[in-house]
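From first to last, the protein sequence lines are chains V and B.
In case it helps, the numbering used here puts the first sequence at residues 1 to 110.
In case it helps, the numbering used here puts the second sequence at residues 111 to 226.
Hints listed in this document are in silico derivations from the structure and should not be mistaken for laboratory results.
All the given hints hold, so there is nothing to weed out.
Dumping the calculated DMTMM-like pairs for lysine to aspartate or glutamate here, alpha-carbon to alpha-carbon at most 25 Å:
no., chain 1, residue 1, chain 2, residue 2
1, V, LYS42, B, ASP134
2, V, LYS102, B, ASP166
3, V, LYS45, V, ASP7
4, V, LYS42, B, GLU213
5, B, LYS167, V, GLU5
6, B, LYS121, V, ASP39
7, V, LYS102, B, GLU195
8, B, LYS167, B, GLU195
9, B, LYS188, B, GLU178
10, B, LYS188, B, GLU162
11, V, LYS2, B, GLU154
12, V, LYS45, B, GLU154
13, V, LYS45, B, GLU213
14, V, LYS102, V, GLU5
15, B, LYS121, B, ASP134
16, V, LYS45, B, ASP134
17, V, LYS2, V, ASP39
18, V, LYS79, V, ASP39
19, B, LYS167, B, ASP134
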Amino acid sequence: RKEVEQDPGPFNVPEGATVAFNCTYSNSASQSFFWYRQDCRKEPKLLMSVYSSGNEDGRFTAQLNRASQYISLLIRDSKLSDSATYLCVVDNQAGTALIFGKGTTLSVSS
Amino acid sequence: GAGVSQSPRYKVAKRGQDVALRCDPISGHVSLFWYQQALGQGPEFLTYFQNEAQLDKSGLPSDRFFAERPEGSVSTLKIQRTQQEDSAVYLCASSLAGLAGQETQYFGPGTRLLVL
Chain V
1 RKEVEQDPGP FNVPEGATVA FNCTYSNSAS QSFFWYRQDC RKEPKLLMSV
51 YSSGNEDGRF TAQLNRASQY ISLLIRDSKL SDSATYLCVV DNQAGTALIF
101 GKGTTLSVSS
Chain B
111 GAGVSQSPRY KVAKRGQDVA LRCDPISGHV SLFWYQQALG QGPEFLTYFQ
161 NEAQLDKSGL PSDRFFAERP EGSVSTLKIQ RTQQEDSAVY LCASSLAGLA
211 GQETQYFGPG TRLLVL
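Using the sequences plus the hints, can you model the full thing?
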């Protein structure tokens, strides 16, 4: 079993749609949780950190359920510019590395 | 300010050739990480430096892979006797201090390695 598993995707949605990505992680000792965004042939960039209390950044909402080892990302009112691959990320037990999921590709069309 | 830079951006190597990939982290960043990203996959951890100390090299796939950061700034990832399965994007990331999840990791553009 991979340490971080994500919805396989791809997600193809029209502009304005709401889309949700789900992720599970296997290491209960992980302490830090993130969503990264990666555009085609570009490097990953931090989208947002994820906290147990849930956090929101504009149209983006992230949730963490430690008991279920489950992380989610909700994107409201999708824009064309949201088209990218979204990577679910946790830290390893030693805190020396980030562990990435395979990523879920989102394509927003007009 | 300048971000993380990597060179070369593209490298084509013949099977069996040695390659060296360079990473210039953001100035003042203590932590440096190397990741390997195969096509269609997420990045996979290779190794972690705190200043010049290599604190975790558990992700290096074989003894053909070697990384160093002798003066605590620039880092080099060396792959000896390259094989076709080494073809991937090699990403370098740096963070201001601390462990992997404590500070934002800033990624470089990567080096695309193709082994023929």
